[in-house]
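Protein chains in written order, with the UniProt record's numbering: chain A, 1 to 426; chain B, 1 to 292.
Because the hints were derived from the structure by calculation, they are not lab data.
None of these values were measured; they are calculated from a predicted model.
For glycine and all other residues, C-beta sits at the position ideal for the given N, C-alpha and C.
Wrong hints could be hidden among the right ones.
What the simulated footprint calls covered on chain A by chain B, stretch by stretch (three residues with Cβ under 8 Å from a Cβ of chain B suffice, anywhere in the stretch; the number is not a length) [as the list claims (entries may be wrong)]:
(1) 250 to 262
(2) 380 to 389
Away from chain B, derived, C-beta distances all over 12 Å, residues of chain A [as the list claims (entries may be wrong)]:
(3) P53
(4) S116
(5) Q172
(6) E221
(7) E229
(8) G369
Selected chain B positions facing chain A (Cβ under 10 Å, derived; list incomplete) [said to hold, decoys possible]:
(9) N60
(10) Q63
(11) H146
(12) T149
Residue-level listing of the chains:
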Amino acid sequence: MQLRKLLAVAALISGAAVVHPASSQDLTLEFVVWNYSLETVQDNVKQFEAANPGIKVNVTDYAWPDYQDSLILRIRGNTPTDIVYGGQDWLPAWGAAGFIAPLDSVAPDGAVAELSGDIAGFALTDVTYDGKVYGLPYYSDTISFIYNKKILEDAGIAVPTTWEEVTAAAEQLKAGGMDRPIIYEYNQELPNFYDAFVAQAYGRGAELFDADLNPLFADPENGAFKQLEWIADAYAKELVQSDNHESTIITAMNTGNHAFTIVYTYVLAALNDAATQPLAGQFALAPMPGDTHATLGFAKSYVVTAAAAADPARAEAAWKFVDFMAGKPYAVAKRWAVEKGLGFGQLPLFEDQEVIEAWGKWADVNALGEQASIAKAGTYTEFSSVWSAYFRPLLAQAMVGDASVDQVMKDGAQRWTELKEQFANR
Amino acid sequence: MWTINRFPAIWLIPALLPVVLMTLYPVGYALWTSLHEVMILFPGEPFVGLENYRRVVASNYFQDALRNSLVFTALAAPSVVVIGTLIALFLQHGFFGSQVVRSVVLLPWVLPGAISAVLWVWVFHPSFGMLNGVLRSLGLIDAPIHWLTNPDTALTVVAIAHVWTQIPFAVVLMMAALSTINSETLEAASIDCPNPFKRFRYVIVPEIKSMIVVLLVYNALTAFTSYDLVYAMTGGGPGTATTLLSFQIWRESFSMYDFGAGSAVAFIVVVISAVLIVAITRALPSDLFASE
Chain A
1 MQLRKLLAVA ALISGAAVVH PASSQDLTLE FVVWNYSLET VQDNVKQFEA ANPGIKVNVT
61 DYAWPDYQDS LILRIRGNTP TDIVYGGQDW LPAWGAAGFI APLDSVAPDG AVAELSGDIA
121 GFALTDVTYD GKVYGLPYYS DTISFIYNKK ILEDAGIAVP TTWEEVTAAA EQLKAGGMDR
181 PIIYEYNQEL PNFYDAFVAQ AYGRGAELFD ADLNPLFADP ENGAFKQLEW IADAYAKELV
241 QSDNHESTII TAMNTGNHAF TIVYTYVLAA LNDAATQPLA GQFALAPMPG DTHATLGFAK
301 SYVVTAAAAA DPARAEAAWK FVDFMAGKPY AVAKRWAVEK GLGFGQLPLF EDQEVIEAWG
361 KWADVNALGE QASIAKAGTY TEFSSVWSAY FRPLLAQAMV GDASVDQVMK DGAQRWTELK
421 EQFANR
Chain B
1 MWTINRFPAI WLIPALLPVV LMTLYPVGYA LWTSLHEVMI LFPGEPFVGL ENYRRVVASN
61 YFQDALRNSL VFTALAAPSV VVIGTLIALF LQHGFFGSQV VRSVVLLPWV LPGAISAVLW
121 VWVFHPSFGM LNGVLRSLGL IDAPIHWLTN PDTALTVVAI AHVWTQIPFA VVLMMAALST
181 INSETLEAAS IDCPNPFKRF RYVIVPEIKS MIVVLLVYNA LTAFTSYDLV YAMTGGGPGT
241 ATTLLSFQIW RESFSMYDFG AGSAVAFIVV VISAVLIVAI TRALPSDLFA SE
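The following block holds chain A by itself, in its conformation from the complex (with noise of 0.2 Å):
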């Protein structure tokens, strides 16, 4: 009788099992983004789930500003971590360091390629790392001079296309009582502090590095070395004001104290919004001021981790996961276009009618595609981000006239060629 009642049980046991197949062959992929827009990613989340049964994702976030070392003591402490968002600036280091697996290790035969191909150029350049496609674009953006139209045009002003014609329109607002007619988003520990200063110096034209990666920016016929000198002198005439984020920065631009500033052009979708800001359609975008008005662009990307890639099961839902994101017919680029108004890599969207209506609200679509189509990658290497975190403090301290302009630009010089011979020797 014992037995019977045994062997039933075992019977409905493994009968169980075979009538849910699915849950001994669930995976469950661990999806690691710095925290922006968390609903939107949980929802993108749960439709890839939707569309691929036996495929779950367990999204963690982290603060962007501590995003960077959250994840590399999360890889380095073997926490599982199948993919990430991945930033430019931090891509070779994770390259070389081997905590990321390039996409064609994980992906279809022939099926990078023909996504890259569909990439912007600037936004390419930064998910490749040793010649290797490493990522597919997440968002990608450029850093935007913005103005107040209606202040200009109050002002009789028109829109500068030089930074010292900035200066001239800042000194003429300042007579008129506008007490800082630039707000700066300044926070020397983002990332951000030192792409704005790229973007600024690209404006003028600069390189900052010959092919050799050795610095240039210490001449002071440097484009780079001119506009730090000219941000500096912007602060000693009081015509900057501060701010350490583009939330209070969007802000206060819609007090109407401010003319002017430099942000990631999304912010600009955040300035015109009818919804929550009573000068909404007032902000506009023009080309960065210089001689040839080209600014920075850059690439946030869905990176695998080389820990996925090696674990063939692991490595095909990674891909699964990182093309729903990012691949054709990339709807998911074009929900966070159109809802969020953030930037996109994949050029077939610059076509999309629905892309070109949403966009439309906010912003000259011609002259976004128009700064798009000028915009520059940064130079990345792997330590770049060791000695942006070195430089930015630096940078803080000439802007505001604590160090002189050589002094800084020397030390950030002798600094990067320090890292780049302890790199070689490593």
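Model the placement of chain B on the given structure of chain A, informed by the hints.
Same frame as chain A, but now just chain B:
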């Protein structure tokens, strides 16, 4: 015959084990790290001797951070003790609503550092900060003052925020110390000496001297190793104007990924902290650290 009672040291193992695991091992590992080139993004961890110490001490960042930490500590620690003592003396007297006031005084204690930082950033914000608004409405300023991004004012502003967060603990300890003073002594003193300042100096201070030393040592260490407020309010800036040594440990380790240099700064902080404690206890002798 072997019994456990003949080896009493064995009984210490349960207490010593956590100390070894939680304190000595991490400290030992940090010392090892400070003697190696441990750059988390680079392969290998070669032994470099005292090179990390030489490099961090020679860097401008370290020198600025050391100077800022000493100034910050000198501003904050005595301020907390003085203000905490004054508030405790005030709260000793019962008055209408004193219970409510006591609760309010303790409020900063329950707020996490990051929340306190956000509050103070909004107080000092140049565009919509409360302080500039008040100063403007009083006609004291025409243009907003950029408190947090001016290298001349940023450290003082962060020190003010830090003092605000530390006062409640000082008040609680000082009220406890004041409550131990014999009420008859205070009554006699009020008859013999009508001057309240002299009463405080010659009757109360001797009774609470040990607590003053405790608070000074505690607050010197808290200020010297302060991190969260600085990180959230200024990120160590502008430039290095508010970079403290504790922040520099973080920056070397987690921003520049040089754990060797970060550990070297940490060890230097430990040594300086020990010197601070000895200096304070020698400058203000009390019974607190007496051997008998």
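Cross-check of the supplied hints:
Counting residues of the stretch 250 to 262 of chain A whose beta carbon lies closer than 8 Å to any beta carbon of chain B gives 4, which reaches the threshold of three, so the coverage claim holds. For the stretch 380 to 389 of chain A, the stated coverage by chain B is satisfied: 5 residues place a CB nearer than 8 Å to a CB of that chain, which reaches the threshold of 3. Every CB of chain B lies more than 12 Å from the CB of P53(A), the least distance being 38 Å, so the non-interface label holds. Interface exclusion of S116(A) from chain B stands, the closest Cβ pair being 26 Å apart, more than 12 Å.
Every CB of chain B lies more than 12 Å from the CB of Q172(A), the least distance being 17 Å, so the non-interface label holds. Every Cβ of chain B is farther than 12 Å from the Cβ of E221(A); the closest lies at roughly 25 Å, confirming the non-interface assignment. Distance check on E229(A): its Cβ is at least 16 Å (rounded) from any Cβ of chain B, clearing the 12 Å threshold; non-interface status holds. No beta-carbon of chain B comes within 12 Å of the beta-carbon of G369(A); the shortest separation is about 33 Å.
With a cut of 10 Å, the hint placing N60(B) at the interface with chain A holds, because the nearest CB-to-CB distance is about 8 Å. Given the 10 Å rule on beta carbons, the hint for Q63(B) is violated: about 13 Å separates it from the nearest Cβ of chain A. Hint status for H146(B) relative to chain A: holds, with the closest Cβ pair at about 7 Å, below 10 Å. A least Cβ separation of about 4 Å between T149(B) and chain A falls short of the 10 Å threshold, and the interface hint therefore holds.
Violated hint: 10 only; the structure is consistent with all others.
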